[in-house]
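Visitor: Residues per chain, in single letters:
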Amino acid sequence: MAEPTFAERLGRESERWVAEGLITAEQAAVLRGRYEGAAAVREEPRGRAASALAVVGAAAVGFGVIGFLAANWEAMSHGLRLALITAAVGGAYAAGYELRDRTGRLPRVGEALYLLGVLLFGAALFLVGQMYNVEAHDPLALLIWAVAAAVVALAVRSPAVAVAALLIFTAWVGFEAGTALEDSGEDATALAVLAVLYGGALYGLGTVALERIRAAWLSETRLAVAGRRLGLLIAAAGLFVFTFSEASDELGSAGRSLDGWLQAALLLVAAVALASAVALALGARRSGRGEAAVFAVAVALLLIGVFAGGSGDLYALLFNLVFAALALGAILSGYLNDEPWLVNLGVALVAIDLVARYFDVFWSALPRSLGLILAGILVLAIAWGLERQRQRLLARMDA
Amino acid sequence: MTHRRRVVLLVAVPAQLVVPLALAGLAAADLAFGREVRLRAQPVDPLDVFRGNFVVLRYEISSVQALFGVDRGDRICVELTERGGGWSGDRGLPDPVGEGAICGRARSDAEPGERVGVEYGIETYFASAERAREIENAIGSGEVFAVVDLDDDGSARIERLEVDDGG
Chain B
1 MAEPTFAERL GRESERWVAE GLITAEQAAV LRGRYEGAAA VREEPRGRAA SALAVVGAAA
61 VGFGVIGFLA ANWEAMSHGL RLALITAAVG GAYAAGYELR DRTGRLPRVG EALYLLGVLL
121 FGAALFLVGQ MYNVEAHDPL ALLIWAVAAA VVALAVRSPA VAVAALLIFT AWVGFEAGTA
181 LEDSGEDATA LAVLAVLYGG ALYGLGTVAL ERIRAAWLSE TRLAVAGRRL GLLIAAAGLF
241 VFTFSEASDE LGSAGRSLDG WLQAALLLVA AVALASAVAL ALGARRSGRG EAAVFAVAVA
301 LLLIGVFAGG SGDLYALLFN LVFAALALGA ILSGYLNDEP WLVNLGVALV AIDLVARYFD
361 VFWSALPRSL GLILAGILVL AIAWGLERQR QRLLARMDA
Chain Z
1001 MTHRRRVVLL VAVPAQLVVP LALAGLAAAD LAFGREVRLR AQPVDPLDVF RGNFVVLRYE
1061 ISSVQALFGV DRGDRICVEL TERGGGWSGD RGLPDPVGEG AICGRARSDA EPGERVGVEY
1121 GIETYFASAE RAREIENAIG SGEVFAVVDL DDDGSARIER LEVDDGG
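Chains B and Z, in that order, give the protein sequences. Under the numbering used here, the first residue of the first sequence is numbered 1, with each subsequent residue one higher. Under the numbering used here, the first residue of the second sequence is numbered 1001, with each subsequent residue one higher.
These are computed hints drawn from the structure, not numbers from a lab. All values derive from a computational prediction rather than experimental measurement. Hints may contain errors.
Using C-beta positions, here's what the derived DEER-type ranges look like [unchecked claim]: (1) G1069(Z) - I213(B): 49 to 55 angstroms; (2) L372(B) - R1131(Z): 45 to 51 angstroms; (3) G1073(Z) - L370(B): 53 to 59 angstroms.
A short, non-exhaustive set of chain B residues, derived as facing chain Z with CB atoms under 10 angstroms [as the list claims (entries may be wrong)]: (4) I85; (5) A94; (6) G117; (7) V118; (8) G129; (9) R157; (10) L282; (11) W341; (12) L345.
Note that beta-carbon positions come from the ideal geometry of N, C-alpha and C, so glycine has one too.
Whenever a hint applies, use it, and build me the whole structure from the sequences.
Guide: Pasting the structure below:
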């Protein structure tokens, strides 16, 4: 049996002190409150570490099971493979329920087992596909997997499973788009356009949901938080592509090679991104209008580029400005809204942009070794400057 | 956990057990009741036949003459006839004709009389690393046939690969 913590001992002792008339019940409550908070703070890093370890363990087991089944392909009959997969999926969920929700003995391990169940369900879909030589690259399996993960995330209110559902859904969007674009003979340019639109929509919807939806399911699954982070990363990555004139140059030809329904799909995602930008602008968030403006300009520029074409150099210049606004805006927004992750991401984007612009503009004009030395000095200077600024900002936010 | 969420979990988990089993059952039924034909196949990349554990295959019927105007993604069917130990066909029709017809999707637009690429959903074959090596070695010395099961509606499912060494 585990040793009782100080807070637990204090709880019992304080009841005795009240009974003996040494202190009043109110004083006991104040004393308990003082140490419960500290105990929770001390427990939190350990809890997070346990959660992280459990999630890593679940992922390792999941991939291990897939590897084991794949490696022993021929040795097992179809029936045995199916039995093993089914037992593994059911067993993971049952163990997760037992540890987290029925007994509450090991909630973090239980949550990781729920995640394992979700991973194994995806593995089951793909393994069945391989067993019977169903076309393996069918994106529909990812959609089924994402829906199943979302249902489990909502039922068990698990942030880890919610993040998995979001990642799988994003993978489905990418896979589906990639397959459709490949069929139409289009290269990766349209995929980068989709990344900006989809990422922007995800960030906008997540931010608006956090602000306006006060439901328990949203706060307990942290779905909106994960959506914002993933969305901003994806949007920034897509936007970064168009800061290079070679990529911006392709925008017009990408638009011409898109089929009617692909154009319609792109417009639909753009409409969602713009709608979420409008909702952001109308909300109470302190940086909402600025964020909405950056996303709206990015979406508008991309749509003009795709459907009207034009000079790649001009687009690259404009996208450089938008990317800079996004990076610096993330820092400002993080500061205004007390969100350190936004500050950190913004700082990283500024650094990436500076390095990219150095290589883009100066690399070919300088002798290689001199270029390398200057690049190294530039990176060190950026790291020094940004680290100082970041620490100051975070310290000010803490204060 | 509330009663409602427990009910959702009680439905979601068994559904996740049933979905793979149902997919497997449908596939097994296709293989058990379908009509078996052998299609002469060729790995798309002869230098690197198995990428990981799967091979991408091309067939004689991967390109056929369209007998009607085709848009990319349209259903196109080919009547198969047996010749030289394998089944083949060359005329693309909108619907399956006869018992041995296979249907797929056009990969591009085509006018009547033009040739068009067709995808049947049997272009990928999975095997363990060991089996993949066996097939790869055998391919060097003989012809490859994909044994495919056909449904009445022309849909196809690849069952296994066979290599004829010509002996």
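Visitor: A separate judgement is required for each hint: does it hold in the structure or not?
Guide: Evaluated hints:
A hinted range of 49 to 55 angstroms holds for the C-beta pair G1069(Z) and I213(B), which are about 50 angstroms apart. Checking the proposed 45 to 51 angstroms range against L372(B) and R1131(Z) shows it holds: the Cβ atoms sit about 48 angstroms from each other. At about 54 angstroms, the beta-carbon gap between G1073(Z) and L370(B) stays in the expected band of 53 to 59 angstroms. Interface hint status for I85(B): upheld, as the beta-carbon distance to the closest one in chain Z is roughly 6 angstroms, under 10 angstroms.
Among the interface hints, the one on A94(B) holds; its C-beta lies about 8 angstroms from the nearest C-beta in chain Z, closer than the 10 angstroms criterion. At its closest, the beta carbon of G117(B) sits 7 angstroms from a beta carbon of chain Z; the interface hint therefore holds under the 10 angstroms criterion. Taking 10 angstroms as the C-beta cut-off, the interface hint given for V118(B) holds, the closest approach to chain Z being about 8 angstroms. Of the supplied interface hints, the one on G129(B) holds, with its beta-carbon coming within about 8 angstroms of a beta-carbon of chain Z, less than 10 angstroms.
Taking 10 angstroms as the C-beta contact cut-off toward chain Z, the hint placing R157(B) at the interface holds, the least distance being around 7 angstroms. Below 10 angstroms, beta-carbon pairs count as interface contacts, and L282(B) has none with chain Z, the closest being about 33 angstroms; its hint is therefore violated. Hint on W341(B) is violated. Least Cβ distance to chain Z is approximately 29 angstroms, over the 10 angstroms limit. Taking 10 angstroms as the C-beta contact cut-off toward chain Z, the hint placing L345(B) at the interface is violated, the least distance being around 33 angstroms.
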